[in-house]
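> So you can see what is in the structure, the chains are spelled out below.
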Amino acid sequence: MVRNEKALSLQPNPEPFGPFAIMTDVSALEVRGLTKRFDRPAVDALDLTVRAGEFYALLGPNGAGKTTTLRMVAGLLRPDAGSVMISGIDALADPVAAKQVMAWVSDEPMIYDKLTPLEYLEFVAGLWGIDPAVSQLSAHQLLVSLGLEPHLHERCEGFSKGMRQKVALAGALVHDPRLIILDEPLTGLDALSARHVKGLLGDRVRAGCTVIMTTHILEVAERMADRIGVIAAGRLVAEGTLAELRQQNGRNDTSLEDMFIALVDAEAVAA
Amino acid sequence: MSSTAALSWFARHEIRLAWREWLAMMTGGRGKRKRAVIGLILFAAIMHLPAWAVIGRFADLQPPLDKPTLIVITATIFLAWALMLSQAIESVTRVFYARADLDLIMSSPARLTNVFSVRIAAIALSVTAMALLLSTPFVDVLVIGGGARWFSAFGVVIAIGLSAAAVAIAITVTLFRLIGPSRTRLVAQILAAIIGAGFVIALQVAAILSYGTLSRFAVLTSDAAAAYAPGPDSPLWWPARAAIGDGEVLALLVAFGLVALGGVMAIFSPKFADTVAHVSATSMTTRQAPRASAFRSGSRQQALRAKEFLLLRRDPWLVSQSLMQLLYLVPPALMLWRSFSDSSAAIVLITPVVVMAAGQLAGGLAWLTISGEDAADLVSTAPLPPQRITRAKIEVVLIVIGVIFAPLIAALALASITQAVITALGVIIATLSAAAIQLWFRVQAKRSQFRRRQTSSRLATFAEAFCSIGWAATAALAVSIPIAAIVSGAITAAILAATWKISPRRD
Chain H
1 MVRNEKALSL QPNPEPFGPF AIMTDVSALE VRGLTKRFDR PAVDALDLTV RAGEFYALLG
61 PNGAGKTTTL RMVAGLLRPD AGSVMISGID ALADPVAAKQ VMAWVSDEPM IYDKLTPLEY
121 LEFVAGLWGI DPAVSQLSAH QLLVSLGLEP HLHERCEGFS KGMRQKVALA GALVHDPRLI
181 ILDEPLTGLD ALSARHVKGL LGDRVRAGCT VIMTTHILEV AERMADRIGV IAAGRLVAEG
241 TLAELRQQNG RNDTSLEDMF IALVDAEAVA A
Chain V
1001 MSSTAALSWF ARHEIRLAWR EWLAMMTGGR GKRKRAVIGL ILFAAIMHLP AWAVIGRFAD
1061 LQPPLDKPTL IVITATIFLA WALMLSQAIE SVTRVFYARA DLDLIMSSPA RLTNVFSVRI
1121 AAIALSVTAM ALLLSTPFVD VLVIGGGARW FSAFGVVIAI GLSAAAVAIA ITVTLFRLIG
1181 PSRTRLVAQI LAAIIGAGFV IALQVAAILS YGTLSRFAVL TSDAAAAYAP GPDSPLWWPA
1241 RAAIGDGEVL ALLVAFGLVA LGGVMAIFSP KFADTVAHVS ATSMTTRQAP RASAFRSGSR
1301 QQALRAKEFL LLRRDPWLVS QSLMQLLYLV PPALMLWRSF SDSSAAIVLI TPVVVMAAGQ
1361 LAGGLAWLTI SGEDAADLVS TAPLPPQRIT RAKIEVVLIV IGVIFAPLIA ALALASITQA
1421 VITALGVIIA TLSAAAIQLW FRVQAKRSQF RRRQTSSRLA TFAEAFCSIG WAATAALAVS
1481 IPIAAIVSGA ITAAILAATW KISPRRD
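Protein sequence lines correspond, in order, to chains H and V. Just so you know, we're using this note's numbering here: the first sequence kicks off at 1 and counts up by one. Just so you know, we're using this note's numbering here: the second sequence kicks off at 1001 and counts up by one.
Treat the hints as calculated values from the structure; they're not laboratory data. One or more hints might be untrue.
Sample of chain V residues with no beta-carbon within 12 Å of chain H, all distances over it, derived [claimed, not checked]: (1) 1063; (2) 1137; (3) 1411; (4) 1488.
Cross-link-like lysine to any residue pairs, in silico, SDA-like; alpha carbons within 20 Å at most [unchecked claim]: (5) V:1271 x V:1260; (6) H:161 x H:149; (7) V:1446 x H:145; (8) V:1034 x V:1046; (9) V:1446 x V:1314; (10) V:1271 x V:1095; (11) H:161 x V:1446; (12) V:1271 x V:1259; (13) H:198 x H:241; (14) V:1446 x H:157; (15) V:1446 x H:160; (16) V:1067 x V:1229; (17) V:1034 x V:1018; (18) V:1067 x V:1231; (19) H:161 x V:1374; (20) V:1501 x V:1466; (21) V:1271 x V:1113; (22) V:1446 x V:1309; (23) V:1446 x H:137; (24) V:1271 x V:1109; (25) H:161 x V:1376; (26) H:198 x H:140; (27) H:198 x H:157; (28) V:1446 x H:107; (29) V:1446 x H:108; (30) V:1271 x V:1175; (31) H:198 x H:53.
To be clear about the criterion: a stretch of chain V counts as covered by chain H if any three or more of its residues have a C-beta under 8 Å from a C-beta of chain H, and this derived list gives those stretches [what the hints assert, rightly or not]: (32) 1068 to 1074; (33) 1366 to 1379.
Every residue, glycine too, gets a C-beta built ideally from N, C-alpha and C.
Whenever a hint applies, use it, and build me the whole structure from the sequences.
Structure representation (structure tokens):
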């Protein structure tokens, strides 16, 4: 059985790549020519690079191909063409090794109604082969930090969407991934819960973890992301820091929302 | 809109919902109405053949009937009533928990007593309509063979449909009051699953204990039953008399059904709103006792298996389904027990019953573990190859089947080692076949959709049923006529191979 050699610390890992330190200059995610067609092209020869230790926000209108892209990166969807490298691992050739260092959280929290949050985290830790002594402590601390302490022994069937999302997020973090991919993680969360989640993700990034997140809440991208990518019709139409995006847009005082709308409109006109 | 117009509008809405729900059930949610209707007509036409074989010989029955005949007809009608009752309990439970719809109704300015009266009537109507649909081939056969007087059997179906709906509503609302909403759901599901089967099984148990046979008719047609039965004028025989054309009794029965339903509507409609509000207000939270033990260590497959076992244990619907499968094992187990004392030849019958029960149970379990994965994304993004995930899930099915059937097979070994070995092989092959079919036809779904698992692929459902029957027959023949078992086994294997060939996931 493959075990995570690095013991999970209760605090976010200060040494992000642990045994994989040689990979520190390797991109956390490198996507080249990624293509997926359904009835029409959903993702169209997409190139995307996310650096290690970066908070990357992927924005785009509905149906732009954000979720399809991330599902292919997470190994949930087979691309028609292209390559996906995660921390230097070819995710299409060796998906198991790639999955070991990555976590996926979708907008619709998929958890088991009949398990308690603690049981759910025990299962996730078991699937990732984490030492139980480490994962138990880590699971408890994660659930407490997300405000779920009163519900540790309640089955998830009675939980609100926000609580379910927090359990799913705790599940994604319990195996201490190097790359966390989140698809609209703040949907359905109240202000306090959203702050908890944002705080937790911020801590992980500060500790060297890489976060890629899609969101429709542009204010979150504006405040949290190191870099922002805008995707439309399956292609990356703009990318950079907020300042770089403003520079590309030719106006220093414009908001991300204005830039986003201008980019998407321009892409729609071009199409 | 006047009160009457509002009620008839709501009744139309209810009927439309019931129709669409039925259509979704028949088409697996694909909504092909024309195909569903044609399929239904074809099914009804084909059903005339088995109906002819089963009850064609009773078409000439003329009053007055003798006691054994009255007992058999009454027991058959009671069985139909029990099945309708189980379906009605299931419908009522579904109505209570369909919260989105109920929230809308409860927040509307409509008079809730009236609205829920209509809803109760709609439940009765859908239960009765379904019963009429299923009974039509049988009544047709009787009418063709015995004349128009048998049309009165439709009246009996309507009468028992109304009374079954009335009793179901009374039972469910009373359960709500007594044990609360969350337990009611579990108890109602279990009740619904075992009520219909329970009657048949009870007759079989009685037959085995008295006559050493699996035939339920042995008890019904016995002298002892005739001796205990009341005289021909007893109201107990009214359904049987009405079925063969006694118009006066039929009118009384229909009137009784209507009065029962009306009474239930009058008593329970005002309480329906309270009960629904109670369900909505009561938290569905179930607390587990805080565990003292640490997280378990083990392989990734062990983690998967542990999760599956835990979910299976906590799944009320599966508990009720399993209970029903296990109930069917009670008669063969009893027969086995009897055979120790009198070395009955009927012990051969145990093998097909056990093999078939294993195949059916394995089909349900395999659906739950393979298709019914609530956190499919999580498992798919876990760092282990898909083959190992599948293997762990199939191991769960094999282990559960092993735990349930091993004691019975061990007991069988005490009576006949050869038969026990054949039965064990039959159980293993039937289980693997069912799991393979589920694997080839898997469609990701929520575990809560277990009730509709048959509708996702009709082909898989039929293949699963044919394989279970085929392996059961093969095992029975292997015990009694081994050469014939080779033919039967080859046919069943061919069915399985054909299923694989046309399955969407044969890679």
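> Need the list of violated hint numbers for this structure, in ascending order.
7, 23, 27 and 32
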